[in-house]
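Colleague: Chains A and B are the protein sequences, given in the same order. Every letter in the first sequence is one number past the one before it in my numbering, and letter 23, counting from 1, is 23. Every letter in the second sequence is one number past the one before it in my numbering, and letter 173, counting from 1, is 173.
Certain hints may be false.
Identical copies look the same in the list; a pair holds intra-copy or inter-copy alike.
In the DSBU-like style, the derived pairs of lysine-lysine whose C-alpha atoms are separated by at most 35 Å in a straight line are [stated by the list, open to error]:
| no. | residue 1 | residue 2 |
| --- | --- | --- |
| 1 | 264 | 117 |
| 2 | 264 | 114 |
| 3 | 31 | 133 |
| 4 | 31 | 264 |
Hints in this document: simulated from the structure, not taken from any laboratory.
Protein chains: 2
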Amino acid sequence: MSESSFWHKYHERYHQLRSHVCIGLDSQLDKLPPSVQDSANPIREFNLAIIAATRDYATAYKPNLAFYLADGLRGLTALYETVASIPEDIPIILDCKVGDIGSTMAAYVHAFFKDLKVDAITINPLMGADVLKPLLEIESSFAFALALTSNPSAQDFFHAHELKQAIPRWMQDYPVQRLGAVVGATQVADLLAMRQSLPQRLFLIPGVGAQGGDLQAVLTHAIDSESEPRILINSSRGIIFASSGEDYAEAAGAAARQLFEACKS
Amino acid sequence: MSESSFWHKYHERYHQLRSHVCIGLDSQLDKLPPSVQDSANPIREFNLAIIAATRDYATAYKPNLAFYLADGLRGLTALYETVASIPEDIPIILDCKVGDIGSTMAAYVHAFFKDLKVDAITINPLMGADVLKPLLEIESSFAFALALTSNPSAQDFFHAHELKQAIPRWMQDYPVQRLGAVVGATQVADLLAMRQSLPQRLFLIPGVGAQGGDLQAVLTHAIDSESEPRILINSSRGIIFASSGEDYAEAAGAAARQLFEACKS
Numbered sequence: 001m002s003e004s005s006f007w008h009k010y011h012e013r014y015h016q017l018r019s020h021v022c023i024g025l026d027s028q029l030d031k032l033p034p035s036v037q038d039s040a041n042p043i044r045e046f047n048l049a050i051i052a053a054t055r056d057y058a059t060a061y062k063p064n065l066a067f068y069l070a071d072g073l074r075g076l077t078a079l080y081e082t083v084a085s086i087p088e089d090i091p092i093i094l095d096c097k098v099g100d101i102g103s104t105m106a107a108y109v110h111a112f113f114k115d116l117k118v119d120a121i122t123i124n125p126l127m128g129a130d131v132l133k134p135l136l137e138i139e140s141s142f143a144f145a146l147a148l149t150s151n152p153s154a155q156d157f158f159h160a161h162e163l164k165q166a167i168p169r170w171m172q173d174y175p176v177q178r179l180g181a182v183v184g185a186t187q188v189a190d191l192l193a194m195r196q197s198l199p200q201r202l203f204l205i206p207g208v209g210a211q212g213g214d215l216q217a218v219l220t221h222a223i224d225s226e227s228e229p230r231i232l233i234n235s236s237r238g239i240i241f242a243s244s245g246e247d248y249a250e251a252a253g254a255a256a257r258q259l260f261e262a263c264k265s
Numbered sequence: 001m002s003e004s005s006f007w008h009k010y011h012e013r014y015h016q017l018r019s020h021v022c023i024g025l026d027s028q029l030d031k032l033p034p035s036v037q038d039s040a041n042p043i044r045e046f047n048l049a050i051i052a053a054t055r056d057y058a059t060a061y062k063p064n065l066a067f068y069l070a071d072g073l074r075g076l077t078a079l080y081e082t083v084a085s086i087p088e089d090i091p092i093i094l095d096c097k098v099g100d101i102g103s104t105m106a107a108y109v110h111a112f113f114k115d116l117k118v119d120a121i122t123i124n125p126l127m128g129a130d131v132l133k134p135l136l137e138i139e140s141s142f143a144f145a146l147a148l149t150s151n152p153s154a155q156d157f158f159h160a161h162e163l164k165q166a167i168p169r170w171m172q173d174y175p176v177q178r179l180g181a182v183v184g185a186t187q188v189a190d191l192l193a194m195r196q197s198l199p200q201r202l203f204l205i206p207g208v209g210a211q212g213g214d215l216q217a218v219l220t221h222a223i224d225s226e227s228e229p230r231i232l233i234n235s236s237r238g239i240i241f242a243s244s245g246e247d248y249a250e251a252a253g254a255a256a257r258q259l260f261e262a263c264k265s
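Work the whole structure out from these sequences, hints included.
Modeller: As structure tokens, this is what we get:
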């Protein structure tokens, strides 16, 4: 992979830190502390302080598109400035779960990789292989496809319709350097089954923080037989909203450091 | 339903026009005619001319989020101004295919219904019922869930894993006034099967224009037994890019009128 690729950047960053923490920037406007609410762009202000406090512990950052769009043009400005402010050596994953085809997907890919300039995105694979085509045309790009989620209604389709077997099988057609999997972690048995069918695949694992989940079980398969990293453990609210007061940045730094230490391998 | 709801507005508009055309505003920057490329905000400029030329024939408009995000802050500005410029009595469906849960989905719902102020959105139902919860909390809102798409790789999951039966079954738990279905139209047999399992449901049908599809077959089930409309036939590129020259607005108006007449019922 080229040096500008997510895959390269991610491995470089892992070997620098030897930990597996992805910090989710779910910067919800009405949850920001009072001191930043008065600034010209509260989300930008908040994120810049959070990044300064947590950057030593982040193997990746993951801004979540929804919270930026919810603040309109100011929110999108905050997203651009957040991405621009993250140190060059830390990969950025945009959580957007887009899953369209043809010129629409090409437009999203342009927006996120060429204009916003993130390193990876999350995608929804429901529409099939056509979703991946515009992504794979950009050589440095990377996508994490929703493979299994841990919310209660994952029962509706993922579990009831064999998608938790079908999606991993479908992913095997694509190189590990270009396509990872979002795997919800509240069911350890599911995570292990997913790992068995996708032994080399990079997993982005939400739900270890606020939603429960078993950190030790998750870490069992953190590195592969060649000591290369194969998981990113995401925590969003557990880090960025560790304190709702004026010590929010300091508290986020402490929470990030704690998870960083717990996720060493 | 309340008078501010999509359902109410859509029915009022249908009874005014007695046609079924949704005009997709897939306003891709590099396909816009030379004369608008030089303006301060090309997509806004283009859309305003398209809307002026087509408004008499549109039962609904459907801007597609991807093409606005692809032009960054200027593109999002164009989206806000486009939505604001569409006559109050024409319902607006944002094509965004979001499908997330909890506070993330609540943030999208806030962004689109409260801030941007569209009347309906498209959603991806893969994560299950949790996707709908934040939507249903806004009484006037409406969502079209992806029920079947017509792209080649619809084979990967929709057809191969019974989702084209499972998603319609799943939709039956929700009122027709709040939840519609996006149904790809290239396979007429699929469309008829979908109609049989969801007799009263509003279908948003793409693919009749540029992607082929059989308009007459689609129109067979356009109105229900009580003469209420049950389909919206979307055309995007076939209308807005009917001409790539300086007569683009005039050509769009003619193409919209032609489809409007063909879709009378």
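Colleague: Now tell me if each hint is right for this structure.
Modeller: Okay, the hints, checked on the actual structure:
1. 264 x 117: within (28 Å within a copy, 46 Å between copies)
2. 264 x 114: Cα proximity of residue 264 and residue 114: one copy only (33 Å, versus 43 Å across).
3. 31 x 133: Cα proximity of residue 31 and residue 133: across copies only (21 Å, versus 37 Å in one copy).
4. 31 x 264: The answer is within: 30 Å in one copy meets 35 Å, while 49 Å across copies does not.
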